[in-house]
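Novice: So you can see what is in the structure, the chains are spelled out below.
There are 4 protein chains.
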Amino acid sequence: MALQAEQQAEIDQQRSNQQPTLRVCSPGLEAYLYKAIPVLDHGFVRVIDYMGDDSAIVQAARVSYGQGTKAVSNDAGLIRYLMRHRHSTPFEMCEIKYHIKLPVFVARQWIRHRTANVNEYSARYSVLDREFYIPHPDHLAAQSVINNQGRGNVLEGAEAEAVLRMLKEDATRSYDHYEALLNTRQDGETIDEDRAGLARELARMNLPVNIYTQWYWKVDLHNLLHFLSLRADPHAQYEIRVYADAMIETVKAWVPIAHQAFEDYRLGAFTFSKQMIDAMKRMVAGEEVNEGNSGMTKREWREMMAALDQ
Amino acid sequence: MALQAEQQAEIDQQRSNQQPTLRVCSPGLEAYLYKAIPVLDHGFVRVIDYMGDDSAIVQAARVSYGQGTKAVSNDAGLIRYLMRHRHSTPFEMCEIKYHIKLPVFVARQWIRHRTANVNEYSARYSVLDREFYIPHPDHLAAQSVINNQGRGNVLEGAEAEAVLRMLKEDATRSYDHYEALLNTRQDGETIDEDRAGLARELARMNLPVNIYTQWYWKVDLHNLLHFLSLRADPHAQYEIRVYADAMIETVKAWVPIAHQAFEDYRLGAFTFSKQMIDAMKRMVAGEEVNEGNSGMTKREWREMMAALDQ
Amino acid sequence: MALQAEQQAEIDQQRSNQQPTLRVCSPGLEAYLYKAIPVLDHGFVRVIDYMGDDSAIVQAARVSYGQGTKAVSNDAGLIRYLMRHRHSTPFEMCEIKYHIKLPVFVARQWIRHRTANVNEYSARYSVLDREFYIPHPDHLAAQSVINNQGRGNVLEGAEAEAVLRMLKEDATRSYDHYEALLNTRQDGETIDEDRAGLARELARMNLPVNIYTQWYWKVDLHNLLHFLSLRADPHAQYEIRVYADAMIETVKAWVPIAHQAFEDYRLGAFTFSKQMIDAMKRMVAGEEVNEGNSGMTKREWREMMAALDQ
Amino acid sequence: MALQAEQQAEIDQQRSNQQPTLRVCSPGLEAYLYKAIPVLDHGFVRVIDYMGDDSAIVQAARVSYGQGTKAVSNDAGLIRYLMRHRHSTPFEMCEIKYHIKLPVFVARQWIRHRTANVNEYSARYSVLDREFYIPHPDHLAAQSVINNQGRGNVLEGAEAEAVLRMLKEDATRSYDHYEALLNTRQDGETIDEDRAGLARELARMNLPVNIYTQWYWKVDLHNLLHFLSLRADPHAQYEIRVYADAMIETVKAWVPIAHQAFEDYRLGAFTFSKQMIDAMKRMVAGEEVNEGNSGMTKREWREMMAALDQ
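Top line first, the protein sequences correspond to chains A, B, C and D.
If you count the first sequence from 1, position 278 lands on 278 in my numbering, and the numbers rise without skipping.
In my numbering, each residue carries its 1-based index in the second sequence increased by 1000.
In my numbering, each residue carries its 1-based index in the third sequence increased by 2000.
In my numbering, each residue carries its 1-based index in the fourth sequence increased by 3000.
Same shape as in the complex, but just chain A (with noise of 0.2 Å):
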C-alpha cells in the first residue's frame, strides 16, 4: 500500500498536535497514533484514539479509589490471573479506535462481531475508489481437499496466471462498467451530458467483494482479544488473519502485560474436553492411550495430539 500524498499530510498534521491531558496514557500507543499500518495490498489500520492501559484493568478490578496499584509484580499477577480466569470485566474498561481500509469480502466476516461501533464509508453517498485486492502469487491457494472451508497448495504456472488475469480484467471492467453506469468518471468529471446517470446506491450493486472500503472500528479490549483470538488463529481466512496480526502488534504497543497473557492464556492455551483430561491423567499416570481406547472420535484425538504437538 502506498499512502496518497494528502493522506500523509494528513497524518502528519495530526502527529504533529501534541496537547497536555490528564488522562492514562500508553506511551507505547502513542508512538502508533494515526500512522497507518500497511495490510495486503491496498489496505492499512490505523489506530485513531484509545482509552487506558494495563493500570486501568487493575483499578477497574479492584475497583479502589484511584489507581489502585501498588506495585507492578502484583499488577501483572493479577492482569494475568484475571485474563486466565476469564473475568472479562476489567478488560472492558480500555477501548480503543481503529481506521481501517479493508476489502469488502473481509468486511463482511469482520461485522460478525457485533460488540463493537462502527461506522462505514457509504457508497449510497459516496463513490469508491478503484481500488481492488489482487492477491499476491504466494497467496493463490487451491481449495483444500479435506477442509471445506480451507486453502491447499498455491497454484502455479497458466493456472495461477489465468486467475490472476481474469481477477484484474473483471476488477478493471466492473469499475470502467461502475463509471458508466454513475456516467461520472472517478475524478467527478461527467461521462455524457445528456444521460442521468444511475444512483449510487444502485451502481454499486456491480461491484466485486474485492473492492476496497474503510471504517471507524471502536471496541473494547475484551471483546477486541476475543476477536484476535478468532481471527489471528490459523483456521481464519488469511486476508483477514492479517489485520488480526497487524492490531496485535498495536495491541502489544498499548497494554503490553494484557498482552503477554493473552498470548500465554489464549493464543497458546487449548481446552482440553474432559474426555481429553481423562485421556491426559491415564498418560501422565504412564498409561498407553491411543485414539482406540481414548474414548474420543477420530478428530478429537487428532484435535489432541495437534495441540501436544505429537
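Since the hints were made in silico from the structure, they are not lab data.
Any given hint might turn out to be false.
Now the in silico label distances, taken between C-beta atoms and shown as ranges [stated by the list, open to error]: (1) Ser2088(C) / Arg3112(D): 18 to 26 Å; (2) Gly1028(B) / Arg2015(C): 19 to 27 Å; (3) Ser2088(C) / Asp3233(D): 30 to 38 Å; (4) Gln260(A) / Pro3234(D): 45 to 53 Å; (5) Gln2018(C) / Lys298(A): 27 to 35 Å; (6) Lys3281(D) / Asp41(A): 53 to 61 Å; (7) Pro3234(D) / Ser2088(C): 37 to 45 Å; (8) Gln2007(C) / Pro1027(B): 25 to 33 Å; (9) Gln3004(D) / Gly28(A): 51 to 59 Å; (10) Gly2286(C) / Gly268(A): 21 to 29 Å; (11) Gln3004(D) / Asn17(A): 35 to 43 Å; (12) Asn1148(B) / Arg2299(C): 57 to 65 Å; (13) Ala2031(C) / Glu263(A): 24 to 32 Å; (14) Asp1245(B) / Arg2299(C): 57 to 65 Å.
Far from chain A by the CB rule (all over 12 Å, computed), these chain C residues [what the hints assert, rightly or not]: (15) Gln2018; (16) Gln2019; (17) Ile2134; (18) His2177; (19) Glu2193; (20) Asp2245; (21) Pro2256; (22) Met2276.
Glycine is no exception: its CB is placed at the ideal position from the N, C-alpha and C atoms.
Use these hints to put chains B, C and D onto chain A, whose structure you have.
Specialist: Chains B, C and D alone, transformed into the frame defined by chain A:
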C-alpha cells in the same frame, strides 16, 4: 421469485407436521410459518419460528404470575401505553426467526443492526448459486440531484437499456469466471481435470454485491420494530424497504395489537424538537409562524411542514 | 418453597391449554412448561416459553433450506463439533424464557449477564411480599481464610443460632417497618388513616437484599450456557449455583445433545495455558515436572494439578 | 458528601499528573477529570477517563481520512442533523468512564441499561462501609394517589420524624448486625476470638438497599444520552435523576455541541403520534379540537396538552 420444486416440497413437508404444544400460539402467524413471501426478483422472507404473542408482552409488563391478562381491552390499552412511552423491555419478550434470501448489498445494510442473531450461508464453505438482483425497469432510478443518498427519476429509453444490459452481462460473466476460478461448474462437475481450482474463499471475491445470499435472522420484537421503523422509512433504500414491508405483514399477523400501536406511535409519528413545539404553540395560539420567525433552520422548518402536510 | 394455592391453580390452568402448532417442539421441555422447580427456601425456576430444539442448532449451522438434518448421528456430531470449536452463533438460534423468584442479592449477581431480556417485579409500583431468604443451617458457612470470596466451615452451635436469630429478626423487623413506612399492611389495609404513608419507591429502601423478587428472564441458548458455565461453577456463590443447577436440568430436557456437549466440552473441560501445555508435553514424554521447573507460578501449578486430579 | 482526606489526596495526586498526548482532547472535560461531584448524602460522580469530543462525532459521520472537519458551523449543523434524525452510530465513537458512588436501590435501576461496562465493588470480597442513604426531609414524599409509581406531597411533622427515625435506626442496627455476623468491626478488628464469623457473601444479605456501593461505569455517548434521556426525565425516581443531572453537566463540558442538540431534540422534544399529528393539523387549520373529537384516549389527550403547555 419462483421456488425450486424441492424447496416447495420442503415447505409442504414442514407445514404438514403439526404437533401439540403448551406454549402460547399465534394463529395468525401459524398461517405464515415456513411459507416464502417473495421479495425482489429472487429473494424471499420466511418465518421459521416464533415465541410469544401480544399476551406475552402484557405478561412481562405485569410480571404477574401467569398470563396476567384480565380483558383484551385492557391489554390493548397497556400495549399502546408501553409503545407510546418507549417501555421497550416487554416487547423483548417476543422473538421471531426468519429465513431470508437477499442480495449481498442489502445484507450489508441489514447487518448493521447488531441486536440480532445471524447465521449466513458461507461462501468459504459452499458455492453460491447463479442468482443476481437485476432491478425491474421501474426501479432503475437516476441519482437524486438534491439528496446525496437518494434517487431521482426513473431512467428511460436507451440509457435504461444500456444499464440493464451492463448489469446482466457483468453478472453472467462474473459468475462464469467464478466457475472458471473454482474449476467447477455449479452442478459440481470439474471443468478441467488438470487444474486445481482456486479456493472457494478466494474465488468468491470476484462476485458482485448484487449476488444473492441467505441467512437465518432471529430477533426480539422490540429490536425488530426498531429495524422496521428505520428500514420501512421512505428514506431507506428501496431494495431493503421491500423486505421491511414483507416483515411488517408478518408482524401484523403475529401481534396485531402491538402492530397497530407501532403504526400509530412509530411509523405514523413524528418527534417535534423544542423549537418545533414552540412554533406549534404559537400556531395553535393563532400566531402567524413562518420559517423566518420560527428559530429553526430551513431544513428543520421543511421537516416540520412535511410532518404537518403543509 | 410451597406454592400458594392460586399459583398452583394458574399453573394447572396453563398446563391444560394444549394447542396445535407447526413449530418445532421439544417434548422433553413441554413436560416442564410452567411448572415451578423449587430453589432455596422461597424461590423457584419456571420455564414459560421456548423456541427451537437440537435440530434448530443444526439447521442454522447448515443454513440449509428447511430442516437440514440427515441423520441423528450426524446431527449430534455436528453439535459437538460446534460446541468444541466455540462456533457459538447456531446455539443463539434457540431461545428460552424463565420466570424466576430469587433473593435480591442473587438478582444483583445475575443481572451482570447483559445479553438477556428482563422484566422484574417493580417495588416502585407494587408492594413486595414478606419473603426473605434465610439460609438452611447446612449452608451457614464461615468466611474462608484462604479465599477472600469463598466459604469455610459451616458454623455450629451458639454462633449458628445467633446468626440465624439475627437474620430472622432483622427480616421481620425490616418488613414490619416497611409496612409502617407505607402505612399499609401487606393485605392492603391502611394502618393509620391520619398518615399519608411514604412513597413505595422510598419505603422499599429499608428492605435487606435477602428479600425475594421475581422476574421474567429470556435468553438464547449460547448465552444461557455461558451463564451456566460461570454460575454452576464451584467458585460461584452457593445461592446462585442452585438456580444454575435447576436450569441445567431444563436444558437437558430441552436440547439433550447440546447439553451433553456442554458437559463434555465446557463444564468438564479445562483450558491449559501455553506453559501448562509445555509441562504436559514433558510429563507425557516421561520427564519429571514439578512446580519448581514448570515455569508456572505456584497458583497456576496448583490449578493444573487440580485439573489432573493430582 | 464529605470526601475522606485520603480520597481528596488521591484526587489531587491524579490531577497533578499531566502528560502530553496526540489524542483529541476536550479542555472542558479535563477540568472535571477525577473530581467528585457530590450527589445525595454520600454519593458522587467522578469522570475517570474519556475518548473523543465533538470532532470525533463529525469525523465518524464523514468517515473521512483524518479530522474531517471544515468549519465549526458546519460541524454543529452536522451534529444537530445526526441527533435529529437519530443517526446514532457516530455518537458511539465517543466514550466516557465514570466512578460512581450510589445507593444499591439506585444501582439496581441503573444496571438495567445493558450497553455499558461495569465493575462494581464486591461485597463477596470486601466489607461494605457504614454509609446509607437517608433522604433529606425535603424529599420524604408520600405515595402519589394518582400515579402508582410516583410521589405525592412531602411528609411533614410527626410522620416525617417517625419515618426518618425508622430509616436511621434500621440502618444503624443492620450495620451493627452486619459486623456481628462477620465477627469483624469496620476497622478490621475481630470482635470475638472464639467465633468464626459468617462468610462475607452471606453476611451482606442483611443489609438494606439504601446502603452505598460504588462502581466504574463506562459507556459510549449514544448510550449515555439514551440513559440520560430516560433518567433525567421527570418521571424517573428523584434519587437516580440527581445522578443524571450531574452527568449532564459533564456531557455539557465534554461535547458542548452534541449536548445542545440533545437538549433541543431529545430532552425538550416530544413525539406526536399519528392521532396527535392529525389533531395538530386540525388545530393549525383553526378547527376546534377537544378530547371528545380528537380520536385519542383521555390519557393521550392529556399528554399532548401537557406537551403544548395547554
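Novice: Compare the structure with each hint and give your call.
Specialist: Hints versus structure:
Hint check: Ser2088(C) to Arg3112(D), Cβ distance near 25 Å, so the stated range 18 to 26 Å holds. Restraint check, Gly1028(B) to Arg2015(C): a C-beta distance of roughly 24 Å satisfies the suggested window 19 to 27 Å. Ser2088(C) and Asp3233(D) have their C-beta atoms about 37 Å apart, which keeps the hinted 30 to 38 Å range intact. A hinted range of 45 to 53 Å for the beta carbons of Gln260(A) and Pro3234(D) is consistent with their spacing of about 51 Å.
Range check, Gln2018(C) to Lys298(A): Cβ separation about 44 Å, and the 27 to 35 Å hint is violated. In this structure the supplied range 53 to 61 Å holds for Lys3281(D) paired with Asp41(A), their Cβ-Cβ distance being about 58 Å. Remark: the range hint 37 to 45 Å for Pro3234(D) to Ser2088(C) is upheld by a beta-carbon distance near 42 Å. For Gln2007(C) and Pro1027(B), the hinted distance range of 25 to 33 Å is satisfied, since their beta carbons lie about 28 Å from each other.
A hinted range of 51 to 59 Å for the beta carbons of Gln3004(D) and Gly28(A) is inconsistent with their spacing of about 34 Å. A hinted range of 21 to 29 Å holds for the C-beta pair Gly2286(C) and Gly268(A), which are about 23 Å apart. Gln3004(D) and Asn17(A) have their C-beta atoms about 39 Å apart, which keeps the hinted 35 to 43 Å range intact. A C-beta distance of roughly 59 Å is found between Asn1148(B) and Arg2299(C), which places it inside the suggested range of 57 to 65 Å.
One distance hint, 24 to 32 Å for the beta-carbon pair Ala2031(C) and Glu263(A), is violated here, with the actual separation near 48 Å. In this structure the supplied range 57 to 65 Å holds for Asp1245(B) paired with Arg2299(C), their Cβ-Cβ distance being about 59 Å. With a least CB separation of 37 Å from chain A, Gln2018(C) remains clear of the 12 Å interface cut-off, as annotated. No beta-carbon of chain A comes within 12 Å of the beta-carbon of Gln2019(C); the shortest separation is about 35 Å.
Ile2134(C), annotated as away from the interface, keeps every beta carbon of chain A farther than 12 Å; the closest lies near 29 Å. For His2177(C), the requirement that its beta carbon stay farther than 12 Å from each beta carbon of chain A is met, with the minimum near 31 Å. For Glu2193(C), the shortest C-beta to C-beta distance to chain A comes to about 47 Å, beyond the 12 Å cut-off, and the non-interface label holds. Under the 12 Å C-beta cut-off, the non-interface status given to Asp2245(C) relative to chain A holds; the minimum distance is some 18 Å.
For Pro2256(C), the non-interface assignment is confirmed: its Cβ lies about 17 Å from the closest Cβ of chain A, beyond the 12 Å cut-off. Not every beta carbon of chain A lies more than 12 Å from that of Met2276(C), the smallest distance being close to 8 Å; the non-interface claim is violated.
In summary, the structure is inconsistent with hints 5, 9, 13, 22 from the numbered list given earlier, while agreeing with the others.
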